[in-house]
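Q: Next come the chains, spelled out residue by residue.
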Amino acid sequence: TQLLEQSPQFLSIQEGENLTVYCNSSSVFSSLQWYRQEPGEGPVLLVTVVTGGEVKKLKRLTFQFGDARKDSSLHITAAQPGDTGLYLCAGVGFNKFYFGSGTKLNVKP
Amino acid sequence: KAGVTQTPRYLIKTRGQQVTLSCSPISGHRSVSWYQQTPGQGLQFLFEYFSETQRNKGNFPGRFSGRQFSNSRSEMNVSTLELGDSALYLCASSLRLAGDEQYFGPGTRLTVT
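From first to last, the protein sequence lines stand for chains G and E.
Numbering-wise (this note's numbering), the first sequence opens with residue 1 and increments by one.
Numbering-wise (this note's numbering), the second sequence opens with residue 110 and increments by one.
Chain E extracted, bound-state conformation (with noise of 0.2 Å):
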């Protein structure tokens, strides 16, 4: 069974920019959870999308928002990049909701400059 895929892998966008990431879960998942990682916070919970609903959010601004599609793909955009928003992006699937076992994707690393 294929694993979570997240694409890209990495980016470099400018102050300003927006941005969209995207995370395909393991085939039968409907639950994507989308994580921020940085040396300094840790593994920060952004949101988490069931069934294409939003079901939980993090104390992120509302520059970080998220859907999720029929097929449970998920896509979540940054908008208006700033310095800090540099950082591991990690798509973790769940067959339910992220009570269950989650399985996370190699990440994208994203440099704002």
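Same shape as in the complex, but just chain G (with noise of 0.2 Å):
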């Protein structure tokens, strides 16, 4: 069982469409690291968020820390196909890293 669920698992998008990604827990994390993996590569580190309620926005992607730091939330708008990949996120608790299963984006032209 995953400490961090995931959601949607797979979605494959037109260019220019909106999309949310979902991260969600039972337990209560310090912190929260969104992470963009592309094929043959490692993790790339996208945002980390540390207060309950935070909201980042790099670009045209919005990161949202839950208010009770257990669950999160990625937004990307118009996206493009560079979007394409692996999402995830990643709780920090007791300082150990603790990953979602992932959001496999497919953004078509």
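Errors might be hidden in some of the hints.
As the list claims (entries may be wrong) - Computed footprint of chain E on chain G; a stretch qualifies when at least three of its residues, placed anywhere within it, have a C-beta under 8 Å from a C-beta of chain E:
#1 40-50
#2 95-106
Said to hold, decoys possible - Ranges of calculated distance between the beta carbons of each label pair, as one might list FRET restraints:
#3 E:T147 x G:P109: 47 to 57 Å
#4 G:N95 x E:S136: 20 to 30 Å
#5 G:F94 x E:S179: 18 to 28 Å
#6 E:N186 x G:S7: 31 to 41 Å
#7 E:G125 x G:G52: 45 to 55 Å
#8 E:T147 x G:S30: 24 to 34 Å
These are calculated hints, taken from the structure and not from any lab test.
As the structure is a prediction and not an experimental result, all values here were calculated from the model.
Even for Gly, the Cβ is constructed at its ideal location relative to N, Cα and C.
Join the two chains, each given in its own frame, into one complex according to the hints.
A: So this is what it looks like as structure tokens:
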């Protein structure tokens, strides 16, 4: 059983559409990170959120940390083919990282 | 600044053999963590080393072991390989303990036949 559940598992959309990926847990984390991983490469850190209710924006990506620090969401506006990849959330607790199962996003031109 | 490097990138071994994977962290980073990534289980934490000491360990059998050297470089070893050990093994480095932001290497793709 994964400590962090991500949904959806797969997402295939057209360029220009908006999407939201969710990362949920029953556990509280001291911080939460989002990564993107491309085939054959390691995950690349996108953002770290620390404070409950925190919202961070990275160009067309908006990240939110839940008030109770148990869940997070990633919203992408006007998705582009370059956004294609595996999106992973990771919660930090007791000096360990707990990764979600990932959301595989495919943006079609 | 050079990123995290892992060697080798690809490896094919047979059941029962052992394997050693290497990771060089970003210069100045003292923490190295290892993960196993498979399609079925996702990314799972193996262990973390800081200043040559194992600080955290995941739920893997004793066949999986690691060490860290004084220059922060790390190796992980898997003995008596099983088919289920086929995976992408990722190493991540961070400045201090793994609560910090971590930076991943490209991984070593291990195939056990």
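Q: It remains to establish, for every hint, whether it holds in the given structure.
A: A quick look at each hint next to the structure:
1. Chain E is given as covering the region 40-50 of chain G, and this holds because 7 residues of the stretch bring a CB closer than 8 Å to a CB of that chain, at least three being needed.
2. Counting residues of the region 95-106 of chain G whose CB lies closer than 8 Å to any CB of chain E gives 8, so the stated coverage by that chain holds, three being the minimum.
3. A hinted range of 47 to 57 Å is violated for the C-beta pair T147 (chain E) and P109 (chain G), which are about 30 Å apart.
4. For the pair N95 (chain G) and S136 (chain E), the supplied restraint of 20 to 30 Å holds, since their beta-carbon distance comes to about 23 Å.
5. In this structure the hint that F94 (chain G) and S179 (chain E) lie 18 to 28 Å apart at CB holds, the actual value being about 27 Å.
6. Taken as a hint, the range 31 to 41 Å holds for the pair N186 (chain E) and S7 (chain G), whose Cβ atoms sit roughly 36 Å apart.
7. Taking the beta carbon of each, G125 (chain E) and G52 (chain G) are about 49 Å apart, inside 45 to 55 Å as hinted.
8. Evaluation of the 24 to 34 Å hint for T147 (chain E) and S30 (chain G) yields a pass: the beta carbon distance comes to about 27 Å.
Consistency note: the structure conflicts with earlier hint 3 alone.
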